[in-house]
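*Asks:* Here is what each chain is made of, one letter per residue.
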Amino acid sequence: MGTKVKKMMFILSKANIDNAYAAFIMANGARMEGIEAEIFFTFFGLEAIQKKKMDHLHVATVGNPAMHMPTMIGGLPGMEALATKMMKKEMEKLDMPPVSEFIEILSDSGCKLWACKLAYEMFHLKEEDLVDELDGILTVGDFYNRADQDGCQIVFI
Amino acid sequence: MKKVIAQTEIDVNEEGYLTDFSQWTKEIGTEIAKEHNIEMTDSHWQVIDWIQEKVNEGVALSIRGIKKSGVIDIKQFYALFPGGPLKVSTKIAGVPKPKSCI
Numbered sequence: 001m002g003t004k005v006k007k008m009m010f011i012l013s014k015a016n017i018d019n020a021y022a023a024f025i026m027a028n029g030a031r032m033e034g035i036e037a038e039i040f041f042t043f044f045g046l047e048a049i050q051k052k053k054m055d056h057l058h059v060a061t062v063g064n065p066a067m068h069m070p071t072m073i074g075g076l077p078g079m080e081a082l083a084t085k086m087m088k089k090e091m092e093k094l095d096m097p098p099v100s101e102f103i104e105i106l107s108d109s110g111c112k113l114w115a116c117k118l119a120y121e122m123f124h125l126k127e128e129d130l131v132d133e134l135d136g137i138l139t140v141g142d143f144y145n146r147a148d149q150d151g152c153q154i155v156f157i
Numbered sequence: 001m002k003k004v005i006a007q008t009e010i011d012v013n014e015e016g017y018l019t020d021f022s023q024w025t026k027e028i029g030t031e032i033a034k035e036h037n038i039e040m041t042d043s044h045w046q047v048i049d050w051i052q053e054k055v056n057e058g059v060a061l062s063i064r065g066i067k068k069s070g071v072i073d074i075k076q077f078y079a080l081f082p083g084g085p086l087k088v089s090t091k092i093a094g095v096p097k098p099k100s101c102i
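Those protein sequence lines, which keep their order, are chains A and B.
Residues 1 to 157 in the UniProt record's numbering are what the first sequence lists, from first letter to last.
Residues 1 to 102 in the UniProt record's numbering are what the second sequence lists, from first letter to last.
Bear in mind the hints are in silico, worked out from the structure with no lab data behind them.
Source: prediction; values computed, not measured.
In this text, a Cβ means the ideal position worked out from N, Cα and C, and glycines have one as well.
Each hint should be verified, as a subset may be incorrect.
[Said to hold, decoys possible] Distance ranges between label pairs, derived from CB positions: (1) A/Asn64 to B/Ala79: 17 to 25 Å; (2) A/Asp142 to B/Val59: 20 to 28 Å; (3) B/Asp73 to A/Lys52: 21 to 29 Å; (4) A/His124 to B/Asn56: 49 to 57 Å; (5) B/Thr19 to A/Asn64: 38 to 46 Å; (6) A/Ala66 to B/Gln7: 39 to 47 Å; (7) A/Asp55 to B/Ala60: 19 to 27 Å; (8) B/Thr19 to A/Met86: 36 to 44 Å.
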């Protein structure tokens, strides 16, 4: 096996804004280093490639210990929206693009974007619900088959 | 580190980036590009000019910045400088390697 990573393959299964950005930044970082990158969107991760939902992802205030607030406070109406707004403001300061623009950048950079067939069917989605940049709808097996060389890494987020 | 390129001695860091921009010439840029199997064209130089201008203004380079540059789009950028476009183009431009993750 070679020592250098040649292809990074991410599986994004969650729609928390922090999870989505982790996948995007690492995939983009790979492309910037000349490493191939792909993202497989499954389950709630599919929200990040739905035209209507992608720019409204939230940070979780309940069940997220990093929020350092009691769970019941985090569950109050408006808390999640407030925390999300604050996080987006910090992201903008670092010139991090919104989700829709990030997807465009990733696609233009040659990162492949795939939707999980099973989750796509489970959520009763239609092709027009998903971003135009999508490269296709794949089964898990199809995705594994794309790990076709030494130096492929599959990361579940 | 010293390196001789285009019949000139220049100072570079361990990754091959110029440490003193005043030593940079177009000939040096052309030679560095050749080391990356890139034959410089007018479109390449347009990007290099833009990068040098931004670095001179103290702007941090990022892929989003390239998208907004108006000089080039991201697809062309990857096509012109294969194998890590920002990394390669900044080396050719004689400016430091960008530290940003985006």
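*Asks:* Hint by hint, which ones does the structure fall short of?
*Replies:* Numbers 1, 2, 6 - these are the hints that the structure violates, sorted from lowest upward.
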